[in-house]
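Engineer: Since chain W is already given, all that's left is putting chain P on it; use the hints.
As a plain string of letters, each chain reads:
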Amino acid sequence: MQKLMQDLSRNKAIYLMVLPMVLYYVIFKYFPMYGSIIAFKDFSVSKGILGSPWTGLENFQAFFDSIYFWRVIRNTLLISVYQLVFGFPAPIILAILLNEIRKKTFKSIVQTVSYLPHFISLVVICGLILDFTSRDGIVSTIIEWLGGERSTLLGSADNFRSIFVTSGIWQELGWSSIIFLAALSGINPELYEAARVDGAGRFRQMWSITLPGLVPIIMILLILRIGGMMDIGFEKIILLYNPNTYETADVISSFVYRKGIAEGQDYSFTSAVGLFQAVINFVLLIGANWFSRRVSGNRLW
Amino acid sequence: MGKQFRNKSILLLAIIMVFSVMAAACSGNEGSNKGNNASDANASGTNAAANKESEAPAGATELSLWTPLNPNASAIVKSLSDVLMVQEWEKKTNVKFSFEHPTGAGADVVQQFGVMVASNDLPDIIVWGTNNIQGGPSKLFQDGTIIKLNELIDEHAPNLKKILDENPDVARQVKADNGDIYVFPHLRVGEYGKYKTFAGQVIRQDWLDELGLQQPETIDEWENVLRTIKEKKGIAPYTSEKGTLLGTKSSYDFMGAYGLGKEFYLNGSSVVYSPLQPEFKTYLAKMQQWYKEGLIDPDYATNDGKAKDAKMSSGKAAASFGYIGGSIGTWLPALQQSEPNAMLSAVQYPVLNKGDEPRFTETSWAYANQGAMLTSANENPAETIKALDYLLSEEGHMLKNFGVEGTTYTLADNQPVYTDLILKNPDGLPIGQAMAKYFIANYAFVGTDDDRYNEQYYALDTQKEAAKKYAEFADNAATVLIPPVSLTPEEADEFGKIMTDINTYRDEIVTQIIMGSASVDDIDGAVEQFKKMGIERAIEIQQAAYDRFNKR
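Just so you know, the protein sequences line up as chains W and P, in that order. Each residue of the first sequence is one higher than the last, beginning at 1 in the UniProt record's numbering. Each residue of the second sequence is one higher than the last, beginning at 1 in the UniProt record's numbering.
Read the hints as simulated data drawn from the structure, not as lab findings. Accuracy of the hints is not assured; some may be wrong.
Said to hold, decoys possible - Below, a list of computed lysine to aspartate or glutamate pairs in the EDC-like style, where the Cα atoms sit at most 20 Å apart: (1) Lys292/P - Glu58/W; (2) Lys532/P - Asp158/W; (3) Lys292/P - Asp158/W; (4) Lys236/W - Asp121/P; (5) Lys47/W - Glu223/P; (6) Lys497/P - Glu58/W; (7) Lys47/W - Glu494/P; (8) Lys286/P - Glu223/P.
To be verified - Examples of chain P residues toward chain W, derived with CB under 7 Å: (9) Lys242; (10) Ala301; (11) Thr302; (12) Asp420; (13) Thr500; (14) Asp507; (15) Glu508; (16) Thr511; (17) Met515.
Said to hold, decoys possible - FRET-style restraints, in silico, Cβ to Cβ: (18) Lys107/W - Ser314/P: 44 to 50 Å; (19) Gln529/P - Tyr25/W: 57 to 63 Å; (20) Ile142/W - Thr479/P: 18 to 24 Å.
Beta carbons are placed, not taken as given, at the ideal position from N, Cα and C, and that holds for glycine.
Pulled out of the complex, with its shape left as it was, chain W reads as follows (with noise of 0.2 Å):
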């Protein structure tokens, strides 16, 4: 106790600034888990989340058994999966070859350019989506240039994925690789010294060096990425997704959407599915870190 004190009043400073964040965090995180209990409730307004009565696990037993159920995970999972395959890597990649680049200016035209998509609202971006891959959109011309047949790219189902991720890869690229960029600056320019002087040429450096003092982020933002793994925004799935797309494109978040804000307001139900959601991520993102530790030492904890 007494040493609490002492570090307290040592490290006066630090404490005070993270408080705010620890505020954050108790207020609007931890603070509204205790909403999640009308998961187990049948929750109505005007009886209040302590008054309205408990059904048990009865939420979760109508999403099983909802015709519904395997489809969704199915979507978010290899919507998940394909983001974390194709839209990974791509920052890592570009922030390497951003490194290579000697010439400042150019480097950071790319980089502002790279940057901008991420910094246009997303309603703005989704409405680019539809005008791009319209009838008359630049994407079907190219198609048709190349011998396709115009079409409604996104009003057929086998598109959607494709587009989602592909979309959502040119909209963070940039943004993404600021991170790597970061870690980049931090290896030891003498490493790269005594390579050159071992004679290892650009690649063997890139091989040897930089990717090796990249993989601690990598290995970080990975597990964290996994633990988000059930997580797909509803907001541009929603914006971009129509009936005849529903079976490659509804996920969990947009299910809980329709059930709960659009059409059905039920609460209860959607808390329960929002619950699930939460509990896989929370099971995953532990999966991931003890898998990483075990096979590369690198962990979040």
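Structural biologist: This is chain P only, laid out in the frame that chain W set:
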């Protein structure tokens, strides 16, 4: 090595945290900005109210009124207290309204309403479409949010009482199953309340004339017309949008011709669900064939309202479902700018066999579940009812629909005629907005509608003809459409749970069949699936509610 990496990873983790905090802070800002805007709006609302307070006579009853602002109005005023008619109304009835308008539309408003009710921070009056409320007004009453109006109406609302006494049909719609009245209604009744059909199919009349075609009446004629236009004009002639997706409960297309309602409807006195009917399969087969032939816009499921408007106003489509005011009024002037000879005209609701009378027209009821509810927080229910009832008096009715005589209308042969302030607004406002700036005629509120408003609102000849044509068989709708029934809170809950899943499933299977990615026979499997999902229970609930309605 391990340790070094560990230290580094802690550093990097710190960076990640900083990034996520930034992201969180950004999104946090967005939220609070929204909040600020809302409170700004509120502040300006109260300011406006405060400013006018001095004008209001002393002793005016202060009432807060929550209502979503119609887009026509929100385009031109910040709050209903800026509307001339409302200011007059306040003077006449010695009340002072402070308006609360939720932001956004659709689901946003539903959400804000839910929060308002849940936090029990209630206004005195809520004016809204009660279809938006899960469980309807009876649930709000049961929860103690709103109060019952029967005695208040008996004592303080002579005008409404007269209407209800003279029109037992209307009274039945307004009352709940147990005879309670929860809503002070918005009505279409009486001599000037006959228009109840505001939309239907619209087609390029100039192309029909050019190609020597008659207006289509039956499905076969439609097919012929669409095919000819497709061949001669090289376009996919019939268009639609995702909001009114073909074959779904929100569609406005050819289902009615097959004797099918959009969702639940009446067959004699029993409630049926259209996708379960054998005719539904015939209908889907026809739509699939049309789609395959290119008679239907291949993008109908992805078009939004704007895309459809653009197609109809640029000659990229020849026919669609449209509103007399909002659609024809927009499409035709835009069309004629590029093609002066272009002409649209309304087409009668389609049927299967020549000479049949269409039954499934888009006709609303005298009471369309719209009106004012008084909350339990209202301390002046008698004054509130008196003020609302004023709108049903002759004077109030004219004020609501036509505004102030001499300013917004004049009387010619005892008939109200809008002045140029409305019809040719000096500030160049479209007629809908000009109306909304001065009075409440072109959207639902409380009180009675007036056909003489429609006649002038529909400025184009095509619109006037359309109003007549669509209304021709409007009465038939009463034999097949389910009247404004009310479900008990428990029923509403169960019904909602069943129907959200079914609606998604139906949207999907129907779209897949029409677009050809599923075969017509797949509807049989879907019917089985609907049954598994509990459609029969949903029908039962509707039937019970309908039976109770008949006993009212």
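Engineer: Hint by hint, say whether it matches the structure.
Structural biologist: Checked hints:
Taking the CA atoms of Lys292/P and Glu58/W, the gap is about 44 Å. The hint is violated against a cut of 20 Å. Restraint check for Lys532/P and Asp158/W: the C-alpha separation of about 28 Å exceeds 20 Å, so the hint is violated. Pair hint Lys292/P plus Asp158/W holds up; C-alpha atoms about 19 Å apart against a cutoff of 20 Å. A hinted pair counts as satisfied when its Cα atoms are at most 20 Å apart, and Lys236/W with Asp121/P does not qualify at roughly 33 Å.
Proximity of Lys47/W to Glu223/P is assessed by CA-CA distance (about 55 Å); at most 20 Å being required, the pair is judged violated. At most 20 Å may separate the alpha-carbon atoms for a hinted pair to count; Lys497/P and Glu58/W meet this at roughly 13 Å. Proximity of Lys47/W to Glu494/P is assessed by CA-CA distance (about 18 Å); at most 20 Å being required, the pair is judged to hold. Restraint check for Lys286/P and Glu223/P: the C-alpha separation of about 9 Å stays at or below 20 Å, so the hint holds.
Given the 7 Å rule on beta carbons, the hint for Lys242/P holds: about 6 Å separates it from the nearest Cβ of chain W. The beta carbon of Ala301/P is positioned within 7 Å of a beta carbon in chain W (closest approach about 5 Å), and the interface hint is therefore held. With its C-beta approaching chain W no nearer than about 5 Å, Thr302/P sits inside the 7 Å limit, and its interface hint holds. For Asp420/P, the shortest C-beta to C-beta distance to chain W is roughly 39 Å, which exceeds 7 Å, and the interface hint is violated.
The interface hint given for Thr500/P holds, since its Cβ lies 4 Å from the closest Cβ of chain W, which is under the 7 Å cut-off. Given hint, Asp507/P at the interface with chain W, holds; its Cβ is 4 Å from that chain's nearest Cβ, closer than 7 Å. The beta carbon of Glu508/P is positioned within 7 Å of a beta carbon in chain W (closest approach about 5 Å), and the interface hint is therefore held. Checking Thr511/P against chain W: minimum C-beta separation of about 4 Å stays under 7 Å; hint holds.
Look at Met515/P: its Cβ gets to within about 6 Å of chain W, closer than 7 Å, so that hint holds up. A beta carbon spacing of about 45 Å between Lys107/W and Ser314/P agrees with the range 44 to 50 Å that was offered as a hint. Hint check: Gln529/P to Tyr25/W, Cβ distance near 44 Å, so the stated range 57 to 63 Å is violated. At about 54 Å, the CB distance of Ile142/W to Thr479/P disagrees with the hint of 18 to 24 Å.
Comparing the model with each numbered hint stated earlier shows that hints 1, 2, 4, 5, 12, 19, 20 do not hold.
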